[in-house]
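**Q** Protein sequences appear in the order of chains A and B. If you want our numbering, it's the 1-based position in the first sequence plus 254. If you want our numbering, it's the 1-based position in the second sequence plus 21.
Any given hint could be a false lead.
Claimed, not checked - Each pair of labels, with its calculated beta carbon distance range:
| hint | chain 1 | residue 1 | chain 2 | residue 2 | range |
| --- | --- | --- | --- | --- | --- |
| 1 | B | 271 | A | 397 | 35 to 41 Å |
| 2 | B | 50 | A | 406 | 36 to 42 Å |
| 3 | B | 39 | A | 261 | 16 to 22 Å |
| 4 | B | 208 | A | 263 | 42 to 48 Å |
| 5 | A | 261 | B | 50 | 22 to 28 Å |
| 6 | B | 50 | A | 324 | 14 to 20 Å |
Unchecked claim - Covered stretches of chain B, as calculated for chain A (at least 3 residues, CB under 8 Å):
| hint | segment |
| --- | --- |
| 7 | 38–50 |
| 8 | 59–66 |
| 9 | 79–85 |
| 10 | 133–143 |
What the hints assert, rightly or not - Residues from chain B that keep clear of chain A, each with C-beta distances beyond 12 Å, as calculated:
| hint | residue |
| --- | --- |
| 11 | 69 |
| 12 | 70 |
| 13 | 119 |
| 14 | 178 |
| 15 | 187 |
| 16 | 221 |
| 17 | 223 |
| 18 | 235 |
| 19 | 246 |
| 20 | 247 |
| 21 | 269 |
In short, the hints are calculated from the structure, not lab data. These figures come from a predicted structure and were not determined experimentally. Here a beta-carbon is modelled for each residue, glycine too, at the ideal position from N, C-alpha and C.
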Amino acid sequence: MSTLTLCFRLNGAEVTREIPTSAVLAELLREEFGCTGVKLACSRAVCGACTVLLDGVPVAACATFAFRAEGAEVTTIEGVAEEDPVRRAFAEHSAFQCGYCTPGMILLAKALLARNPAPTREEIAAWMSSGLCRCTGYQMILEAVEIAARAGASA
Amino acid sequence: MMRVAGGLVAASQYALPPFVLHRPTTVEEASRHVAAGAVALAGGTDLVAQIREGLAIREVADLSQVRGLAGVSLAGGTLRIGAGTTHAEGAADPALRAALPGLAEAWGRIATARVRFTGTIGGNLMAGRPRYEGRLLFGTLGALLRFADGTTLPAERLAGEASRHRLLTDILIAGPERLLFRYERALRPMMTLALCLRREADGRLSGRAGIATERLAPAFLPLPELRAPAAEAEAAAAAAFAALPRDFADPMSGNAWLRAAGHATLARALKAIAA
Ligand SMILES: Cc1cc2nc3c(=O)[nH]c(=O)nc-3n(C[C@H](O)[C@H](O)[C@H](O)COP(=O)(O)OP(=O)(O)OC[C@H]3O[C@@H](n4cnc5c(N)ncnc54)[C@H](O)[C@@H]3O)c2cc1C
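Generate the whole structure from the sequences, applying the supplied hints.
**A** Right, dumping it as structure tokens:
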């Protein structure tokens, strides 16, 4: 087969699409579903800008074939409510400059706090190193994750 | 396409060319597809980059539904690590942590948190990129790679092309309870060094070191027999590095520097492993 019918849940809603087998998740989410918070940059799983959650696991959507989302719950930044503690911590603590890495950073942080509600600074730094911020705003990003953890973001 | 530092090719944002997708559920079925020319897809963290670098593929065998490819087990004195085991699963596996804690610790340092959930050790080895650490770790340990066609290959002898069209199923490590393993990667990407000592029945220790850089496939250096690694560390490191080939060098790490840094790192590792 070189096309297939893909069914998955996107930010809580059931969706179905006919896709080529080679469709990459990031492109599908952006082009077909308008999830432009999934940023494309390195296209090789390095920079973290395209991070989405696949059943709660952070993945590089630029290096994940879309068919791997079959039956899964995909969460993009569009599915994270404005009042979400991680999103709020990033906004209130100015943990962004140009903002390009921010969706990926927020989703990475959510995945961390879901696994480890009270991470140490070292654990946060190690985990968040999956995302690159070319504005180098790392200090504020790490602090925002700490603030979100204190605000009970894992709940 | 544009060449950028490190031999990488600048990414294309364009859609990937279509391919025929096979979704086998058994090792036998997957092996048949791979033998017939389909490219194995495990986590995809490297394969997508290979395609963007120009690899042309017509058929893909998705391994995600193949039963029995993942997991770690210890049976009959042999540690078995499934090729489909992700970095996150492998490093946290209780059987591995108990049997060979040095390997679990080293494995836990590979890649970023996000890649660790999907990237597999089989993909790391079979991608054939010198900068990936699997071959150094498992080569130094004297591990055997087992393929679905029944053949095996010492991990140290793995070379990208030679293993195309074969499905890797497991990595086997004999007698892990007799192995002491340590990995030094603080100088990565300039140099990484792995050390494995095997405790013989009479108390002697035999073993080897492996050294690699970002661009060079590992060199494996035998160690003289040891009784007291801490006391004999300097002499053993000197003997090991005397065997490092003179042409083992890359543009970042010259041969003289690799000898000096490798010697110091190995001596330190021998003292630490003894403690
Ligand atoms: C941001 C980033 C950081 C990284 N950092 C490190 C690091 O610090 N150290 C390190 O060692 N590595 C590192 N890596 C590499 C990473 O370990 C590999 O990308 C990963 O292990 C590949 O596994 P995969 O399952 O995704 O393989 P895939 O991408 O699915 O496959 C890779 C290759 O292996 C082949 N293959 C896969 N499984 C099999 C099998 N069972 N039998 C035969 N062939 C097979 C595929 O056909 C393909 O050619 C990094 C990668 C990224 C993206």
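**Q** Next, verify each hint and record whether it holds.
**A** Okay, the hints, checked on the actual structure:
In this structure the supplied range 35 to 41 Å holds for residue 271 of chain B paired with residue 397 of chain A, their Cβ-Cβ distance being about 39 Å. Checked against the hint of 36 to 42 Å, the pair residue 50 of chain B and residue 406 of chain A fails, with Cβ atoms roughly 47 Å apart. A C-beta distance of roughly 20 Å is found between residue 39 of chain B and residue 261 of chain A, which places it inside the suggested range of 16 to 22 Å. A hinted range of 42 to 48 Å holds for the C-beta pair residue 208 of chain B and residue 263 of chain A, which are about 45 Å apart.
Taking the beta carbon of each, residue 261 of chain A and residue 50 of chain B are about 24 Å apart, inside 22 to 28 Å as hinted. Look at residue 50 of chain B against residue 324 of chain A: about 19 Å separates their beta carbons, and that is inside 14 to 20 Å. As drawn, the segment 38–50 of chain B meets chain A at 5 residues by the rule of a beta-carbon pair under 8 Å; at three or more, the given contact holds. Coverage of the segment 59–66 of chain B by chain A holds in this model, with 3 residues showing a Cβ closer than 8 Å to a Cβ of that chain against a need of three.
Closer than 8 Å: that is the beta-carbon criterion, and the segment 79–85 of chain B has 3 residues meeting it against chain A, so the requirement of 3 holds. As drawn, the segment 133–143 of chain B meets chain A at 6 residues by the rule of a beta-carbon pair under 8 Å; at three or more, the given contact holds. Some Cβ of chain A comes within 12 Å of the Cβ of residue 69 of chain B; the nearest lies about 4 Å off, and the non-interface call is violated. In this structure residue 70 of chain B is not separated from chain A by more than 12 Å, as the shortest Cβ-Cβ distance comes to only about 4 Å.
Residue-level check passed: residue 119 of chain B sits 23 Å from the nearest beta carbon of chain A, beyond 12 Å. Against chain A, the non-interface label of residue 178 of chain B holds: every CB pair exceeds 12 Å, the least being about 28 Å. At roughly 22 Å, the least C-beta separation between residue 187 of chain B and chain A is larger than 12 Å, which holds for a residue marked as non-interface. Distance check on residue 221 of chain B: its Cβ is at least 38 Å (rounded) from any Cβ of chain A, clearing the 12 Å threshold; non-interface status holds.
Distance to chain A confirms residue 223 of chain B as a non-interface residue, since its nearest Cβ pair spans about 42 Å, more than 12 Å. Every CB of chain A lies more than 12 Å from the CB of residue 235 of chain B, the least distance being 15 Å, so the non-interface label holds. The non-interface label for residue 246 of chain B is consistent with chain A: the shortest C-beta to C-beta separation is roughly 38 Å, beyond 12 Å. At roughly 34 Å from the closest C-beta of chain A, the C-beta of residue 247 of chain B stays outside 12 Å, upholding its exclusion from the interface.
At roughly 28 Å from the closest C-beta of chain A, the C-beta of residue 269 of chain B stays outside 12 Å, upholding its exclusion from the interface.
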